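S.K.: Please construct the entire structure, taking both the sequences and the accompanying hints into account.
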Amino acid sequence: MAKLIREFKIFPFRKKALAIAIIMVLCSVAVMLTANAQPINPEKNTARHPDTAIFSSKASYDTSTRGRAPEPSTVALMGSGFLVALVRFARRRFEEFKRLFDIFVSLFGLLISLPILLGTILLVKVTSPGPVFFRQTRVGKGGKLFEILKLRTMIEDAERQTGPVWAKENDPRVTSFGKVLRLSRIDEIPQLVNVLKGEMSIIGPRPERPEFVDTLCKEISDYQKRLKVRPGITGLAQIKHGYDSTIKDVRKKVKLDLLYIKRMCFLTDFRILMSTIFVVLTGKGAR
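The numbering used here puts the first residue of the sequence shown at 1, with every later residue one more than the last.
It is worth saying that the hints were derived from the structure and are not from the lab. If you're wondering where the values come from, they're calculated on a predicted model, not measured in any experiment. This list has only true hints and no planted wrong ones.
Within a straight-line C-alpha distance of at most 30 Å, the following computed DSS-like cross-link-like pairs (lysine-lysine) qualify:
#1 Lys240 with Lys262
#2 Lys225 with Lys144
#3 Lys225 with Lys197
#4 Lys240 with Lys228
#5 Lys218 with Lys252
#6 Lys141 with Lys252
#7 Lys252 with Lys225
#8 Lys141 with Lys98
#9 Lys197 with Lys262
#10 Lys262 with Lys150
#11 Lys150 with Lys179
#12 Lys248 with Lys218
#13 Lys98 with Lys255
#14 Lys255 with Lys150
#15 Lys228 with Lys197
#16 Lys144 with Lys252
#17 Lys255 with Lys179
Distance windows between CB atoms, simulated:
#18 Lys225 with Ser275: 14 to 24 Å
#19 Glu147 with Asp214: 13 to 23 Å
#20 Asp157 with Gly198: 22 to 32 Å
#21 Val126 with Phe270: 30 to 40 Å
#22 Leu118 with Arg263: 32 to 42 Å
#23 Ser221 with Arg263: 14 to 24 Å
#24 Cys217 with Pro115: 33 to 43 Å
#25 Ser221 with Gly119: 43 to 53 Å
Just so it is clear, CB atoms sit at the ideal spot from N, CA and C, and this is done for glycine as well.
M.R.: Shown next as structure tokens:
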């Protein structure tokens, strides 16, 4: 796990909070050292005690009314209290903000990809017999089942003889045009509808089929923890590892998924989204 954390470089929020607290303390010290004494009004300085004034000219200063800056410890406590409250608020509201982000990105993605999607639908229909869209039952947040929506890339009834199996490299069930769709990830675009419906998120662990989940929960002790959040179209495990083909692959992806859940924040999601764009442009990990 420590190796994975080093690999996935995220600047921790605690370090940011500490840096802000240090800056606030230094600023308070600077205020204390540079606090000016109040100037004396010569016209009202007739009844002044001799110990209260240093000089009697117009440039004289009264040290009895010197401004007092707050103690550094007080500033640090106030700053840390504010930061703690801010962190708690962000954690409580993160899921709501994440949902708004999902809706915005999915609507924007469907809008700009509509011409490509319409052309692809036509080509899928022409190049191979069968339905254009592929629907499959997946396990979502809290174990809730839903139907994932994708463009069909395999032959019709691809698992009629084999039953549920993982996709593999150079899978013979994938059509010639389906290979192009998988390489470009265009087949994933319809999942934006699942995001709008609240069944999926843009960023999160990949949703798995219930047939595999039952087996994987028995084989991998922490697998169930992936179901605490909405599954995603892309995620840390997807960009770092790609497709599953063995239990060993799943174990690696589970560690990455749990790392994401532990470090889940806007900065993490943004970095994963940028990495996903790079993966799509390079075709890395496609099968």
